[in-house]
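Trainee: Add chain Y to chain P, keeping to what the hints say.
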Amino acid sequence: MSFIRRQRYLVDYILSSMLRRKGKNFGLMLVYSLIVFMLASVMLFTHALKQEMGLLLQASPEIILQRMVAGRHDFIPETYLEKMGRIRGVTERKGRLWGYLYDPSVKANYTLMVAEDQALDATEVIIGSAIARARGIVPGDYITFRSFDGESYSFQIKSLLDHETEIVSADLVLLNRKAYRALFGVGEGVYTDIVLSVSNAREVPKIAEKLVQRLPDTRPILKQEVLRTYDAIFSWRQGILFVLLAGAIMAFVIFAWDKASGLSAEEKREIGILKSIGWETSDVLHMKFWEGAVVSLLSFFIGYLFAYLHVFYASASLFEPVLKGWAVLYPQFQLIPSVDGLQVATLFFFTVFPYVVATIIPIWQVAITDPDAVMR
Amino acid sequence: MNRISLDNVTKVFNQGRPNEYAAIRGVSLTIEPNKVTCLKGPSGSGKSTLLSMIGCLSRPSSGRIHLGDQMISGLPERFLTDIRRHTFGFIFQQFNLIAGLSVIENVILPAYPLAPDHQSLMMRAHELLARFELDHKADSQVQWLSGGEAQRAAICRALINNPQILIADEPTANLDTKLSHAFMGQMSQLRKLGKTVLITSHDPVVFDSPVVDSVVELLDGSVFLGEEHAA
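Chains P and Y, in that order, are what the protein sequence lines are. Under this note's numbering, the first residue of the first sequence carries the number 1, and numbering increases by one thereafter. Under this note's numbering, the first residue of the second sequence carries the number 377, and numbering increases by one thereafter.
Just chain P, same shape as in the assembly (with noise of 0.2 Å):
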């Protein structure tokens, strides 16, 4: 009780003292919760981006089978279906149709893919959100699309496709396969690609190497593969910006060193007194130690409520750019509020920790100097 009690002396002292010299504490609160909002905006983001990713996923193919030709992914023969045979575990396969189109108006690049599920006419089409934004379109309107021998098609927007799954679907446009062969020149009997359902993931690596044997010149694609691939690529874009935001943490730790080690004359001078009348040396290191858990907490709370509401509640607008990475065609999409125990540990590690023991370290050598230093 009488610990508490203590305790609570020593942060009553802290807080007043701290508002003594709201300047220096005030800005230097700023600048710490700055450093703190934007890393933790980054590892958020990041980690939100991974599990919506993961999420949309779920729902993918667990193999996509890709034919090669000369090392290079060419358009697969509709006869592989029947020559792979049956593979025990496999419950769907079917061939998928899709291409990349190039736009000049926006300049930008378009994923048109064949939708047999969706029962189009060979004149409609169903486009992805930031298409429709980019073009300025809604449905009912039409949009044109220029074919390989240079013929242009015109289509009539259908709908637009949900926009919870944008930040896969953002530059997605569905069409009937009549469509398809005649907007590309694909002819009949081939697939881009064909995918395969498996209902046990265990069994997915054993099927993969049977159809490598079984199919020589196809190369299958696995979801797990897909999903460490968009792991890997937002790894990386979160490490560019860490590195980008490395200058900004070095230049803090600087001027935390600064502010929280640099002892004014003042503060000396009240160690002192404190020591005078009946401080011992550990009430001084306690009371520091309390400054230093105020400060960093409290910066640290602020700056990840922002970067929290930043990141789910403004789409995380500043770093956007950087990690959804698409050219033109940006998505807009409300992320799904999810926070990561070890990532926040680790933030709180390297952002409260260091903070603190710079505070302790000079006020230690402050405070074994004798008390009677002020008397002289």
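In short, the hints are calculated from the structure, not lab data. All figures in this text were calculated on a predicted structure; none of them were measured in a lab. For glycine and all other residues, C-beta sits at the position ideal for the given N, C-alpha and C. Some hints here could point you the wrong way.
Claimed, not checked - Interface residues of chain Y toward chain P, partial, derived using beta-carbon atoms under 8 Å:
1. 453
2. 537
3. 540
Mentor: Just chain Y now, kept in the frame of chain P:
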């Protein structure tokens, strides 16, 4: 009641260095309890150094200091602090109040490490301020106080832990004659309350005051003369 006795006490600064300097040289004396004792002498005579050793603010280079039966000169800092906060109250020449804090906050500051009940601590602080006619200034910032008010705030702070011995280092150096007389009146009050008061001064208002029971004169770090005043 604790008697303070010093036996051949020496304090050397910068020991072993070319600028070695002996501030106190073999001082032996006894300070009686419940009396007002004044250490008198010119600047540099070692008054403050001696006072800081008696008040457990520093340790002698050699010799012994006893507080009652306990030898305090060889104790580690932790124990010295404990004795200091329970036994001594300090009044400094520059008052050493912490600017930016109110009078009441300054007064209760020595009690923080002891963590008493907050309500009773505030009550005690207000009682002290009332006794020294400063209660109306309890919430004022100390930097706005006059010299006499700051002095009284410092006395209240020195008394907050109810110490047996009060130590005042050149308490009248920043006061005019009227306030110096008032200060001695306050010391007289404290003696009546059973406190031991130890003052350093080279101000005649202090050492010639009838409040002072005995005067010890120091010169170049040694006891030059000791005299008892008729009570």
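Trainee: Now, for every hint given, state plainly whether the structure supports it.
Mentor: Hints, verified against the model:
For residue 453/Y, the shortest C-beta to C-beta distance to chain P is roughly 7 Å, which falls under 8 Å, so the interface hint holds. For residue 537/Y, the interface hint holds, since its Cβ comes within 8 Å of a Cβ in chain P; the closest pair sits about 7 Å apart. Checking residue 540/Y against chain P: minimum C-beta separation of about 14 Å lies over 8 Å; hint violated.
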